[in-house]
Amino acid sequence: MAVAPKKKVEATPEKVHVWPYLVRLEFMCAILVILALTVWSIGIDAPLEEAANPTKTPNPSKAPWYFLGLQDILVYFDPWFAGVVAPVLIIVGLMLIPYLDVNPKGNGYYTYEERKLAIWVYCFGFLVLWIALIIMGVFLRGPGWNLFMPWQYWDPHKVVALTSVDLPYAFGVRTYNMAMFVGGVVICGYFAIGTGVYFFLERKAIKYVGFLRMFIKIQLYLIMIGIVIKIVLRLGFNIKYVWVTPWFNI
Amino acid sequence: MANKAPGLPSLADLIAKVKSGEIFKEISKQITESQVWTSSFRHGYADTPRNRVLQIASNVWLHLHPVKMHRHALRIKFTWCMGGITFLLFLSTVVTGVILMFYYRPVGEYAYYDMKYLQYDVPFGMLMRNMHRWAAHAMVITVWLHMFRVFLTGSYKPPREFNWVIGVFLVTFTLLLSFTGYLLPWDQLAMWAVTVGTNMARATPFLGNEGPFAEYVGVTPRYDARSVLLGGSLVGPPALLRFYVLHCIFIPLVAGALMIVHFWRIRKDGGISGPL
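Chains as they are written, first to last, in our numbering: chain C, 5 to 254; chain H, 2 to 277.
Just so you know, not all the hints are guaranteed correct.
Said to hold, decoys possible - Straight-line Cα separation of at most 35 Å, DSBU-like style, residue types lysine-lysine; simulated pairs:
(1) Lys117/H / Lys60/C
(2) Lys78/H / Lys26/H
(3) Lys69/H / Lys120/C
(4) Lys19/C / Lys78/H
(5) Lys117/H / Lys19/C
(6) Lys211/C / Lys109/C
Calculated directly from the structure, the hints in this document are not laboratory data.
Next comes chain C alone, as it looks inside the complex (with noise of 0.2 Å):
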């Protein structure tokens, strides 16, 4: 006996007219912004301070808001890392993201469940590393770039002691050159490691994904854990850097 349908399946085209149906949602959308922008301007001016005056450094200097996030960095790395490296790796490892990506499920659609790595690197990523760095240099970085909660004083004499060690010094290494070469073990350690028990870990893998693919998806992971474990060193341990060179610091 057959069963019937409980609930008439509706035959709705799977394709539609974009005119009128997309036109008209454009139209609406951009009379909507545009409206919006016109009040925002309306109410809110764009700031002009007092004429520009390179004798006259103000304290903080902050850059434009959307590269406070690097400019926090800067705290926890030298400028070349903060200011070019690392804007330079997050450019070139966004471009890298669909070709190190092989997971097909989750094309076209909102998914967390068939892809949950993906979603959360790039969500610590974006919302954490970027977007909350960002909040935190525009609102808590006072005079000095140093912290200050939203009810405090942005006091420009605020003292703030400068007790950072380097991390071999830490360990008790003493010597300039020990200490150069304590700081590239633990540098080219921690990159040799991770990448090994990665690959140990999806040795499964390496068939489908491919060597290089994996490799270069490693170091950026590496590269970014990284950050994150220099900023906890430093805020919590007070560790300024873990390798000195002549030529460079991290």
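Take the given structure of chain C and dock chain H to it, following the hints.
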């Protein structure tokens, strides 16, 4: 009992007409059959499938669209509308930016006073400046959200990998557009924000005078990555002119070209992504 004036419909009749929608048909009929209307528009628009297609295909401004699309791509919950809003905000900055260019000279002696002139003497000058600046800031936010949406829906996956790469370029150029514009008011905020930003360039490995391995390349404060960017060793009038040209000509042209490719590839890659 009040007598009804002849010709005036009763309230009950009127409510019934509104409820049934009859009244709107009557009003539109009266308008479209009026002398003014019939003399202005030579023929009506028949809502046929053929005409719907022609509205898109034979219109220079709309033909960027496909004539038909998947139903799911209309859902704002899916698209967030952010790509389109970013493009609209870009167009707003182009229009307001051209107006601002009439009054602004990128010269150290004049730039700041032109800003004052714009704000206090030019009719609607302040409004144009506000719209330009706020649209630029909003554009940075919407382009990030667009990218976030594209990531969350996995829309960068095959066959759309290359369009994601173009998109990353466009995000970068959006930030650079905003950053180069940041200097132009030539006030303290502008000068020092750009000083902080461009100081990073002197730490570029090999190419910045304070960067790692610079000593092997022989760059100096007057001749390195930063001085090329600024046209000098500090943020001065040459930097203002450079940023002005980059902001008004170079980056908009490059970003515009990339936008053309970006929009083109959406269609070539099979339209807005969706469940297969």
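Quiz item: Okay, which hints does this one fail, numbers in order?
Solution: 5
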